[in-house]
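**Q** Sequence:
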Amino acid sequence: MEDKTAQCKIILGSSSIARRKILAEMGYEFTLMSADIDEKGIRKEKPEELVMALAEAKAEAILHRLPVGDYVKEAEPTLLITSDQVVVYEGVVREKLANEKEAREFIKGYSGGHAATVGSVLVTNLKTGCRKGEWDRVEIYFHEIPDEVIWKLIEEGTVLHVAGGLIIEHPLIKPYVKQVVGTTDSVMGLPKALTEKLIKEAL
Numbered sequence: 000m001e002d003k004t005a006q007c008k009i010i011l012g013s014s015s016i017a018r019r020k021i022l023a024e025m026g027y028e029f030t031l032m033s034a035d036i037d038e039k040g041i042r043k044e045k046p047e048e049l050v051m052a053l054a055e056a057k058a059e060a061i062l063h064r065l066p067v068g069d070y071v072k073e074a075e076p077t078l079l080i081t082s083d084q085v086v087v088y089e090g091v092v093r094e095k096l097a098n099e100k101e102a103r104e105f106i107k108g109y110s111g112g113h114a115a116t117v118g119s120v121l122v123t124n125l126k127t128g129c130r131k132g133e134w135d136r137v138e139i140y141f142h143e144i145p146d147e148v149i150w151k152l153i154e155e156g157t158v159l160h161v162a163g164g165l166i167i168e169h170p171l172i173k174p175y176v177k178q179v180v181g182t183t184d185s186v187m188g189l190p191k192a193l194t195e196k197l198i199k200e201a202l
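Numbering (numbering that gives the first Met the number 0), first residue to last: 0 to 202.
Source of the hints: derived by calculation from the structure; they are not laboratory data. Note that the structure is a prediction, hence the values are computed from the model and not measured. Fair warning: there could be bad hints in the mix.
Label-pair ranges, simulated between beta-carbon atoms [claimed, not checked]: (1) Glu-101 x Glu-44: 21 to 31 Å; (2) Tyr-140 x Gly-40: 26 to 36 Å; (3) Lys-95 x His-63: 17 to 27 Å; (4) Val-67 x Pro-174: 46 to 56 Å; (5) Gly-156 x Asp-37: 23 to 33 Å; (6) Glu-59 x His-142: 37 to 47 Å; (7) Asp-69 x Glu-155: 35 to 45 Å; (8) Ala-23 x Lys-196: 31 to 41 Å; (9) Ser-33 x Lys-151: 24 to 34 Å; (10) Gly-112 x Leu-202: 16 to 26 Å; (11) Ala-23 x Gly-128: 35 to 45 Å; (12) Thr-127 x Glu-195: 16 to 26 Å; (13) Thr-127 x Lys-100: 39 to 49 Å.
Listed below are the simulated SDA-like cross-link pairs for lysine to any residue, each with C-alpha atoms no more than 25 Å apart in a straight line [unchecked claim]: (14) Lys-196 x Val-179; (15) Lys-191 x Ser-15; (16) Lys-20 x Ile-36; (17) Lys-151 x Asn-98; (18) Lys-173 x Ile-16; (19) Lys-126 x Lys-191; (20) Lys-72 x Cys-7; (21) Lys-45 x Leu-159; (22) Lys-173 x Phe-105; (23) Lys-8 x Gly-132; (24) Lys-126 x Pro-66; (25) Lys-196 x Cys-129; (26) Lys-39 x Arg-93; (27) Lys-45 x Gly-112; (28) Lys-196 x Asn-124; (29) Lys-39 x Lys-131; (30) Lys-131 x Thr-183; (31) Lys-126 x Val-67; (32) Lys-107 x Thr-157; (33) Lys-45 x Arg-93; (34) Lys-39 x Glu-101.
Note that beta-carbon positions come from the ideal geometry of N, C-alpha and C, so glycine has one too.
All chains should be built: construct the whole structure from the sequences, respecting the hints.
**A** And the structure:
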């Protein structure tokens, strides 16, 4: 695999294991920082506007903790990647789950139905200040999901830490995913093609 980090350094502004995995699969080396912002404090009407606003807020929060002046002086640029994701179900935005009861209700709703993920990617060049961001939407259609599968998913726990309790790459849920209009990496939180495009534009 080619080393893509020769032309720049990368900071991934996320604590998501899935995003970490995807960026590594893309051939990048990176350091990690998480933003720790009050996501509920940021509200927007449209899901696309919300995920972009949250990615920007995360970038700002991380920038406040970095010696930005040092990055300006460095020969090679450093890029900060931040992102956010929500699930849209019947026109309603769903974010991180409150509890197991909510997880059960949400997944039961997806059963035999459909939902969408809306995710943002924002790339900030710390040397030049250039910032490029876009959002991506994926539609997901499900077969009926048996109750015992929903129970097992919740018991296993991974589903409790993702937006809207929506997870399609998990072995328990995979057989019940009917169709994905878009890419799995986007559903997992970091669309590869879009991230690649924004990195190029920000350099």
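**Q** Against this structure, judge whether each hint is valid.
**A** Status of each hint after checking the structure:
1. Glu-101 x Glu-44: 21 to 31 Å: Cβ of Glu-101 to Cβ of Glu-44: about 22 Å, so the range 21 to 31 Å holds.
2. Tyr-140 x Gly-40: 26 to 36 Å: holds (33 Å)
3. Lys-95 x His-63: 17 to 27 Å: The hinted range 17 to 27 Å holds for Lys-95 and His-63, with Cβ atoms some 23 Å apart.
4. Val-67 x Pro-174: 46 to 56 Å: At roughly 48 Å between Cβ atoms, Pro-174 and Val-67 fall inside 46 to 56 Å, so the hint holds.
5. Gly-156 x Asp-37: 23 to 33 Å: holds (24 Å)
6. Glu-59 x His-142: 37 to 47 Å: holds (41 Å)
7. Asp-69 x Glu-155: 35 to 45 Å: At roughly 43 Å between Cβ atoms, Glu-155 and Asp-69 fall inside 35 to 45 Å, so the hint holds.
8. Ala-23 x Lys-196: 31 to 41 Å: violated (19 Å)
9. Ser-33 x Lys-151: 24 to 34 Å: With Cβ atoms ~29 Å apart, the hint holds.
10. Gly-112 x Leu-202: 16 to 26 Å: Violated, since Gly-112 and Leu-202 (Cβ atoms, about 41 Å apart) do not stay within the stated range.
11. Ala-23 x Gly-128: 35 to 45 Å: violated (27 Å)
12. Thr-127 x Glu-195: 16 to 26 Å: holds (19 Å)
13. Thr-127 x Lys-100: 39 to 49 Å: Hint holds: Cβ distance 47 Å, inside 39 to 49 Å.
14. Lys-196 x Val-179: Given that 25 Å is the threshold and the Cα spacing comes to 22 Å, the pair holds.
15. Lys-191 x Ser-15: holds (15 Å)
16. Lys-20 x Ile-36: holds (22 Å)
17. Lys-151 x Asn-98: OK: Lys-151 and Asn-98 at ~15 Å, within 25 Å.
18. Lys-173 x Ile-16: holds (19 Å)
19. Lys-126 x Lys-191: Within the cut-off at roughly 23 Å; holds.
20. Lys-72 x Cys-7: holds (14 Å)
21. Lys-45 x Leu-159: holds (24 Å)
22. Lys-173 x Phe-105: Distance ~17 Å between Lys-173 and Phe-105 Cα, so the pair holds.
23. Lys-8 x Gly-132: holds (18 Å)
24. Lys-126 x Pro-66: holds (11 Å)
25. Lys-196 x Cys-129: Holds, at roughly 14 Å.
26. Lys-39 x Arg-93: holds (12 Å)
27. Lys-45 x Gly-112: Between Lys-45 and Gly-112 the Cα gap is close to 22 Å, so the pair holds against 25 Å.
28. Lys-196 x Asn-124: holds (14 Å)
29. Lys-39 x Lys-131: holds (24 Å)
30. Lys-131 x Thr-183: holds (22 Å)
31. Lys-126 x Val-67: Roughly 8 Å separates the two Cα atoms, so the pair holds.
32. Lys-107 x Thr-157: Satisfied, since the Cα-Cα distance of roughly 16 Å is no more than 25 Å.
33. Lys-45 x Arg-93: holds (12 Å)
34. Lys-39 x Glu-101: holds (17 Å)
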